[in-house]
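2 protein chains.
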Amino acid sequence: MTLTGHQLLGSRESAASSDTFVARNLAAGEDLSPAFHEATEAEIDEAVKLANDAFPVFRGLCPEARAEFLEAIAEEVLALGDDLLERASAETAHPLPRCAAERDRVLTHTRQFAAWIREGSWVDARIDTGNPERQPLPKPDVRSLLEPVGPVVVFGASNFPIAISVLGTDTISAFAAGCPVVVKAHPAHPGTCEIAARAIQRAAARSGVPDGVFSLVHGLSHETGTRLVQHPGIAAAAFTGSLAGGRALFNAANSRPCPIPFYAEMGSINPVFLLPGALKARAEAIAQGFVGALTAGVGQFCTNPGLVLGLEGEEWAQFRSIAAEKVAAFKPATMLHGGIHGAYSKGVAERLQRSGLELVGQSASAASPERGEAAAYLFSTSREGLLADPTLFDELFGPVSTLVSCRSPGDFLEAAEKLEGSLSATIHGTEEDLSNHRELIELLRRKVGRLIFNGYPVGLEICHSIHHGGPYPATTHPHFTSIGTRAMHRFVRPVCYQDWPDSLLPSELQNSNPRGVFRLLNGQHSREEVG
Amino acid sequence: MTLTGHQLLGSRESAASSDTFVARNLAAGEDLSPAFHEATEAEIDEAVKLANDAFPVFRGLCPEARAEFLEAIAEEVLALGDDLLERASAETAHPLPRCAAERDRVLTHTRQFAAWIREGSWVDARIDTGNPERQPLPKPDVRSLLEPVGPVVVFGASNFPIAISVLGTDTISAFAAGCPVVVKAHPAHPGTCEIAARAIQRAAARSGVPDGVFSLVHGLSHETGTRLVQHPGIAAAAFTGSLAGGRALFNAANSRPCPIPFYAEMGSINPVFLLPGALKARAEAIAQGFVGALTAGVGQFCTNPGLVLGLEGEEWAQFRSIAAEKVAAFKPATMLHGGIHGAYSKGVAERLQRSGLELVGQSASAASPERGEAAAYLFSTSREGLLADPTLFDELFGPVSTLVSCRSPGDFLEAAEKLEGSLSATIHGTEEDLSNHRELIELLRRKVGRLIFNGYPVGLEICHSIHHGGPYPATTHPHFTSIGTRAMHRFVRPVCYQDWPDSLLPSELQNSNPRGVFRLLNGQHSREEVG
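Protein sequence lines, in the order shown, are assigned to chains B and C.
First residue of the first sequence? That's 159 in the working numbering, and the numbers climb one at a time after it.
First residue of the second sequence? That's 159 in the working numbering, and the numbers climb one at a time after it.
Simulated from the structure, these hints should not be mistaken for lab results.
Everything numeric in this text was worked out from a predicted model, so none of it was measured.
Within a straight-line C-alpha distance of at most 20 Å, the following computed SDA-like cross-link-like pairs (lysine to any residue) qualify:
#, chain 1, residue 1, chain 2, residue 2
1, C, K576, B, R414
2, C, K576, B, P390
3, B, K297, C, N612
4, C, K605, B, D211
5, C, K207, B, E578
6, B, K297, C, G450
7, B, K576, B, L401
8, B, K605, C, P214
9, C, K605, C, L577
10, B, K576, C, R414
11, B, K605, B, E575
12, C, K297, B, E619
13, B, K297, C, E619
14, B, K576, C, P415
15, B, K576, B, L601
16, B, K297, C, R256
17, C, K484, C, W474
18, B, K605, C, P415
19, C, K576, B, D203
20, B, K297, B, G689
21, B, K605, C, D211
22, C, K605, C, D552
23, C, K576, B, Q388
Whenever a hint applies, use it, and build me the whole structure from the sequences.
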């Protein structure tokens, strides 16, 4: 596929600015063509205007039409063939099978949202019928359901160029909800973004959704992002990326004259607690699984396990030594881009100098800085060392983790108390272990979005029940998730109809329940008609 | 009941500061005893510490125990007898029957939340069962539900001293969700707050909920509020009041190192559109209903209709003249407090000077400034006058409204385009009118939280379907409501359990579904067991 590096504004292209940037194949040490044009203010205005023009028509489509649009996106993504995977691999150094797995995930979540809006009960339709005879005042008929908020801006993640970028749950769930989307292309994989965006363009054209439902704009500067979240025509924004970037855009969204919800998923430390029964039974297997999770994707997952806590003793020593061996066996590999590689190298260098930290394992082969490679590192400290160094609770993006030797379950509690909000926490144990550490579990329930038993935090199941969120700094709003069908809730709000004529109500609220959705009818859950 | 003016910190009292303030009976021109002590930083710390200590126990109670606590609150409120109503009337100038109606509303919403958490399906339990045989990767068992976020701060409204204050939906829904609450007493009705708080204290004591589930602190200064929302031990906050106050606290919450959700309901303009068919059929009845809504509670409702638009012609002239007569008949009455009276008087005086506005009606009797009385005012302008003066879209809290004479349905659209977010919009019309003004309805759906047909915006039905929210500046987050059972969603977040042992799951997620709640089981809505 020939790339142009232009803004895709609805079905049109534009390249008004002569400021350009290029993507880079870090592993090969080569820049990649073409040059991508920075979006101008006028181009951003145009994208937002098109989105606003499209909104009333798009939201008015029946769910079946939106579902067909989503399925068309899945088909067009498949039809891209290897173009998408190869460009993503070149821009991010992800191996091709990983890129293919990301594409599969896009197909899964896109089809899942199509099925979900066809079923339709997600709108949370509620009906309380009226009673004109009620004393002292007549009771009005009140009905409500979730409706789309308006045009949404999406900022994709650097580490999932296909599955959490142009084609990620953010975009797809916004479409499912009835919101037009303007995507800010990630400047580290702009070519992948353009290829993906053209699939959406084609799907839009053949599905008959209004022009402007989707636009893609490019920008290397922070200004582009700020302009987008502060644009008066934007109703909400979603972001996956760093804490610094997410917080800056969160502040920009909240300082608008008219603030809008800004949903950022910013990664976390994802602690792992190894309870005694589990270590006793399977220290080696856990060490293997842990290092697999730590080094998968060169450690570049927001659910990467950055902190592992265990009780001192023979099994913990065994776990540490096997984990160190496995880390040594990890062959350094190229990171996503130079910025991430630089931050990782600096962070590791700092840790290597710190007095309270012992280096217990590292990749046996040397990393090539020119190729942007990361070696894996395993550090160790004591409870005292952890509590004395709050930076150990901060995410360092890459294949590095800290093992914390504790002397008692009380040490676990002290560490858990200091945790900030996290996407996940993992416990390895027997059921008896869990019963013996209820206080720890209770603490973790307050701090994290997902609790994992005898597993590993990386690798999210794409389903209705998944929650990929958590208290700050994991996200900017703990009520919402960026993965799974609940993700739609970010882009909708209740609208209430009082004494509204039945024929003019949204279909999910009409007496006859023509879509057959589950509703809350006078406080009872049912699919029944009114009357 | 003897009031002390102390902070109520769990079951204890404290009055560490010698800074005090008093409430005022504005109608009688008298200060009311006792003096209320400003909360000190240490007292605020203590309230928050108690709330955090109480949280793990409180959230762990079975829903039945929390429901009984809510019902005990209702009983203790009833047992207060007239003390509550009389103090509220003295502090706010609300007539006693209005105070009694507010108390009834507290009983209604408190019992409704008790029933709602007994039923239990509100937790949105979702289960996707695992499959260890799945290729290429085993499928984990993933389950999730809504859990409480932690201690919540509540700022009540000046205009509902009983129903949207200490005993409002904010406090009751937070308790229902499992969150301890620290209420910042409204400084204009601190005595009513203390009386209500003592009812909650008694209910807590006899229900066996942990001490610290509820505290009340007093403060006249903005500092108290800022301290509360910026306290690291607070997880969320709810506020009903002015745009200036709400925005300041919203900014304070978002500028924390660890931001928290701050839910403010800040009122709005609540436009009313009078379509031709309705005016033709019943101009007089609409004028009567409108002026009733405008002057109810001396115009001090956040759903007060501040803007009325109609098409020029005989019926519109008739409506205007009858509305002007009814406004003339409104007897000036005392407002909530001196601050509101001052702002209202200033706002009306400014409008009286403005060239594009015509005064078409005002209370025939003079208002007494000493007694803090408000007269009602009705202004009139043209489409051009409205579009030239953006302040006419801003709420002026009190019994004042602007009639806008339009020449065509296009004028309606232009006005609706300029609307900011609003809690409600009202349409009077025939069904044919509605069909003829679909574009107007579509625009209003984007701007407001509640659409009312042939009714009036004041007087909210307390039910599952109600939505009392809307885009900014109506609220700070359009997804949430401060009234109705959906209000609980502000104080919960999903927590996800992956491969978690069945016996240690929250009961709503256990295989056998012991509470019999509706769940989403592998994508199907049902009350069925797993397996």
